[in-house]
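Student: Listed below, chain by chain, are the residues.
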Amino acid sequence: MRITRIFLAIVIAIVFQNFSLSANEYSIGDIIKRDGISYKVLVTYLVVDSKETTDTIQGPDKFYCSGELMVVDVDKSLNDVVIPPSVDRFRVIGLTDSLFYRHEHDRIWLPKLQFAGNGCFAKLKMGSGALVIHDISNLGLGVFDELDADLIFDITRKITWGNAFSKMRADSSFVPSVPKGLIKTNTRMLGFIRNSYVYDDCYGATADNYKKWINKAFNEDEKFQQNDLVSKSERFNKRTYSTTPRKSKNGFTITASAVDVKGMGYPWGNLTRSYYRRANYSVLDKKSRKTTYYQDFIPVADPIQKSGWYVKFVSNGEEVKYMLNGKLIKK
Amino acid sequence: MRRIALLILSLVSCLISFADQRGVTFEKDGLRYTISSEFTARRFNMNRSEGEQKYIIANEGEVYVSGVTVSNCVVRIPDIVYAPSTYGRKDTTVMAKYHVLGIGEKAFEGVILKDLIIPFGLKFIGNEAFRNLEITNGVLVVPPVRKMKANVFDGVKSKVLFMDLETQSKEYPLPIVFENTFQNKDNLPDFYIPHTCLNTQTNGLDKRILYSVGNNIYKKWVETSWDEIMRGRSNYRTYKSSSIISSVSLSKFYTREGEIASQIIIKTPKKFEKNGTDIDMLSPYEYECRNFFTKKRDVYEEVVLNESLYRCKKSGKYYYFASDGKPITNVESLMDDSGRDPFGLQVYSKEEIKAKKSNKEKENNLNNKVNDLKKAFGF
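In the order they appear, the protein sequences are chains A and B. For the first sequence, the numbering used here assigns the number -16 to the initial residue and increments by one for each residue that follows. For the second sequence, the numbering used here assigns the number 61 to the initial residue and increments by one for each residue that follows.
None of these hints come from the bench; they were simulated from the model. Take these hints with a grain of salt, some might be off.
Straight-line Cα separation of at most 30 Å, BS3-like style, residue types lysine-lysine; simulated pairs [said to hold, decoys possible]: (1) 219(B) - 108(A); (2) 95(A) - 166(B); (3) 420(B) - 373(B); (4) 374(B) - 416(B); (5) 199(A) - 267(B); (6) 414(B) - 194(A); (7) 88(B) - 206(A); (8) 45(A) - 221(A); (9) 108(A) - 279(B); (10) 207(B) - 150(B); (11) 194(A) - 279(B); (12) 435(B) - 422(B); (13) 221(A) - 310(A); (14) 219(B) - 163(A); (15) 150(A) - 416(B); (16) 141(A) - 280(B); (17) 429(B) - 150(B); (18) 207(B) - 245(B); (19) 166(B) - 245(B); (20) 194(A) - 166(B); (21) 194(A) - 435(B); (22) 163(A) - 174(B); (23) 280(B) - 106(A); (24) 270(A) - 310(A); (25) 373(B) - 434(B); (26) 45(A) - 108(A); (27) 88(B) - 166(B); (28) 194(A) - 267(B); (29) 279(B) - 199(A); (30) 141(A) - 279(B); (31) 374(B) - 194(A); (32) 45(A) - 95(A); (33) 199(A) - 217(B); (34) 245(B) - 195(A).
Among chain B residues calculated to face chain A with C-beta under 7 Å, some are [what the hints assert, rightly or not]: (35) 255; (36) 268; (37) 271; (38) 273; (39) 274; (40) 276.
Because the structure is a prediction, the values reported are computed rather than measured. Ideal Cβ placement from N, Cα and C applies to all residues, glycine included.
Chain B on its own, in the form it takes in the complex (with noise of 0.2 Å):
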């Protein structure tokens, strides 16, 4: 019985944490949020004043759009949003920084807005994200995004312009990904495109169903709407021979300076899950750990670091390291009082932890009494 509860106890505690990266939701500047993924790095930050090279450990993630708390107005869905963050924290809050990856099923179900400013390079736009969406300046700007679900566009009812069919990674383009975006054919917008784009290969879009627009065209809806985004952008050209590609995908961190530090290195899955929810389509990160003390490279679940060690996740179990990589192996010394460890997750419970205590106490009464006898009889 006691050792079913330890179970269940500890399969609370792996909910908890994982609740703490993926599904919470906060609201900026008159948009809704969900973190769908959260991690800590250790970063190059120079101090210019004193010019020495110094290491900050960030809270980074990822998040969707999930909602709008606005409407009538101008809203600009940012590439980066800040939020505070508990996470890998002890008793502590940061500004964590969240790289906004998609926008969820219905985020803007019915919402009039005077214009919507959609970032480059987000990976997915929900099912019926834009359902019924009025943009009164008459144009919805649709930058490449690499995959877009089912009747996104369902009944918006103003002109949509794709600024593209393909997305760029690494060098290579990509062709979006529609997967029955225009499947309710009844209640379709209008869709442009430039003329450029029409010998772009898609899948899942018939092309017969899009309007094409020339250049000027184009720029006149893109600059009016886009005014901000484009500012420094006025070749569309120049923007897709830079990288569009998620800067955390490819996103290395290190646990310490030197030769001798343990590589970390992020990497996410390559496909979409193709699960139904907008969270599961963000599939889990792996972390590549090069640990140049074991001499292994594992691929872990997690990891947490913070200025002198690391903590790593794999198949439910937890491990810590020295950051030069040293494995931990009495990870209790690492524990408080209270059974967390020093990210602040709760390793222990309570009775664990007064099972521990007790037992250590035992355990020292028993060498207590040990060197009594030992002194006794003059050892």
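If we strip away everything but chain A, and leave its shape as in the complex, we get (with noise of 0.2 Å):
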């Protein structure tokens, strides 16, 4: 009997980890395709709903597959293009190297980004005549070159900019590379663009001046510059979550994210195709408050733990188990 009971538990669990599992609608390198843009799957994580509490997480079956996306393709077709600032559960962090090369479109809306690849908008012509760029933390080489139009960096934080505005020769030396249209931002973020090379040939302006250049740039259409109002609206997150409630003494905090797997290196580095990232979850124990970061973390069902699953940490091949009280599950 008690043979029999073990091996129910082995199977229940076996069970409840694959249906963990199949809460990855994607994983790294798939593409998705939505309305007319491809989207590469760069990394994947695990986040919680943000309605979901500690008492409420009760398995791993609460857990669920989210990630970033890279933009690789958009239909040269597509009159006005809106790239969201997430799909389903994953976030859209960036665009490959020259995605609107060439294209033409007439009004683009991009949400925030963590980098636009070398020569992204590069000989893109603007129907509105401007092309609106919101934060992107990261810049390659000859992002702008020869856009033709007005170029509007709505911006609230410092970028770096790289080689955006010059691109490589033949002879691998540089040439300035600029837009075919006046540079713009609001007055008010000049000091986040202070040591770019772009501060000395820009425009700059406030309140009505600089709602008018945007919408210009949106033709008018107010309805057009909510577009991110969709990321509010996302539930699922959620990457902080704690295996015992807030005030417990014991247990760990688990925080979700992602980071470059060359070291720091940048994706401008090599061509965007060949970047991808790592997830990276960086584990406090409550109790010694030490933090420690793995590649990976599987929560796992067990009827034989007391809660019912216990969570597994992967770093560098080697696997760690732990209750949710923060103690460790020898082999």
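Both chains are given apart, each in its own frame, so use the hints to dock them into the complex.
Tutor: Okay, here's the thing in structure tokens:
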């Protein structure tokens, strides 16, 4: 009887584990196509519903697969291009090399991004006459080369410009590469571009004058400017969760994120097509206040455990298992 | 009755002398100027060939631009303009040196120009000075001006670039005073300033209406239209560190070389008068005279010089001094037959002179008679 119970427990555990794995809708490298735009999955990690609490998360089935996407293709025939901040539970974090190269669109709406690849907007022609860039942390080489429109930096934080305004010749020397139109920004944000190449070549405006620029870039369409509201309604964005109630002194606080695989490497060093990221879980031991980083995190269903499940972390091929209260499960 | 007539006549003569200085208009190089003040000054002039120090009596003053007589061309407002003047001169005309201090009311109203080049250091731009002005080059470049009056840029059909939002007075920056300059908001052009001026504190200007431009754009606009002005002034910072003060406001002139020479300093009041018209904005000078002969310091409304004497005006009265500062009490001796002083001012009317002449003749006759009597009685 006892052997049968253990066998049953193992079977149930395997079923639960498979169930939790079935929550992974996409895996790294998958291509998602939506509304004429193709996205590549760069990285996946586990998140929880923002409505869930420690009391309601009673097993691995409450974890969902989330991750980051890179836009790899946009249909040339699209008149208006709207790149959403997220697709399902996956965040859009960057644009691949030469994404809009020689494209012609009327309006483009971009979310806040982490990077735009080399020559991303090169020779792009805009029907509305202006391209609006919201926050992009890093820019590649010759990103705005001969952009056939005005360029509006609607930024709220510092940008790493790299060689965004230069391109490489055949002899590996750099030459300036700028948009054909004017470079514009919010006067109040000039401080963020003070050290950039564009500071001396840009126009600034505040209040009504700035609003005029933005409205013109989106053909006076107020609705078109509200595409970022989609991300605010996203529920599956809670990347930090605790294995025990918040006030409990034992257990872990696990935060899911992603890092560049090549150390401090950036996507524009190589082509973004070969760019990928790795999941990174920072695990804080509440008792010792010590943080450990792991490459993978697997919640495992196990009826033998008092809580009915335990957590497993993987780092450099080595696995460690912990009970929810932070105690190590020895092999 | 006779006294009243004399008073009226003297008042008329005063008005004529005033009109000589202020309000007279002349044209030069496509611009119309109005004289707002005028004075004579003793200037040092080194004769290089002879190696001797020489002094010349020069006419100087201030004008403002009150109109334009050309169109579809580049108009350059100079710092200094020369024009013939008779002020303080008797029957002669000299070329006077006028400092251009401002742009008058509606001076460029409705004009189409290829470009308008405004000098640095103007004191004011009058009401609606550029109303409906069109610059075909595309940018109206406005250097820092001390004061801009109401609706200056109303209906301007080109971009307007403010080179700076503050002027330099001595070593201190002074913000430009905008007096209802942007009051009529319906018909305003686009205003641009350099990024570097964004933190400048201003009076009467809502910076939200301004666009700012980077240094490269600024240089491109300024160098296109300001080729002449900016030559040798490639770095604006260099310009800023130099003085923009009106050269007149602190000038000194001396009545005579040497240690005991009286010293006269021209002083302009610090504040602008708040009267409606431009001519009143340029308030009259004060002339501070330090007289080494009388050991007194006086402030006069007007001072005129020539090689041997100077004339000062205070409370409507004229005082004459020798060049070393010695007061001349026998003023009649300076007047010619027509009652004019050596500076051409009609001090006495013909009737007064006739009366004085007849008095003198009577006195002479009386003296002659007394002398004859003395001789007859053997004294």
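Student: Against the 30 Å threshold, does the CA-CA distance of residue 270(A) and residue 310(A) hold or violate the hint?
Tutor: With a Cα-Cα distance of about 11 Å, the restraint between residue 270(A) and residue 310(A) holds, given a limit of 30 Å.
Student: For a C-alpha distance cap of 30 Å, please report whether residue 414(B) and residue 194(A) respect it.
Tutor: Violated. Residue 414(B) to residue 194(A) sits at ~80 Å, over the 30 Å cutoff.
Student: Please verify that hint: residue 273(B), Cβ, nearest Cβ of chain A, below 7 Å or not.
Tutor: Cβ of residue 273(B) sits 6 Å from chain A, so the hint holds.
Student: Quick one, is the residue 255(B) hint okay against chain A at 7 Å, beta carbons?
Tutor: For residue 255(B), the interface hint holds, since the closest Cβ of chain A sits about 6 Å away, which is under 7 Å.
Student: Hey, residue 95(A) versus residue 166(B), does the alpha-carbon distance stay inside 30 Å?
Tutor: Violated, at roughly 50 Å.
Student: So if I understand the rule, the pair passes when the alpha-carbon distance is 30 Å or less; does residue 45(A) with residue 95(A) pass?
Tutor: Given that 30 Å is the threshold and the Cα spacing comes to 28 Å, the pair holds.
Student: What's the verdict on residue 435(B) and residue 422(B), does the C-alpha distance respect the 30 Å limit or exceed it?
Tutor: 20 Å, holds
Student: Is the Cα-Cα distance between residue 194(A) and residue 166(B) 30 Å or less?
Tutor: Violated - the C-alpha atoms of residue 166(B) and residue 194(A) are around 33 Å apart, more than 30 Å.
Student: Does residue 217(B) lie within 30 Å of residue 199(A) when you go C-alpha to C-alpha?
Tutor: Holds, at about 21 Å.
Student: Answer holds if the nearest beta-carbon of chain A is closer than 7 Å to that of residue 276(B); otherwise answer violated.
Tutor: Where the cut-off is 7 Å and the nearest Cβ of chain A is about 4 Å from residue 276(B), the hint holds.
Student: Keeping to a limit of 30 Å between CA atoms, is the pair of residue 141(A) and residue 280(B) held or broken?
Tutor: 27 Å, holds
Student: Regarding the pair residue 88(B) and residue 166(B), is the alpha-carbon distance no greater than 30 Å?
Tutor: It holds: about 18 Å lies between the C-alpha atoms, which stays within 30 Å.
The structure fails hints 2, 6, 7, 10, 15, 17, 20, 21, 25, 26, 31 (numbered hints given earlier, in ascending order).
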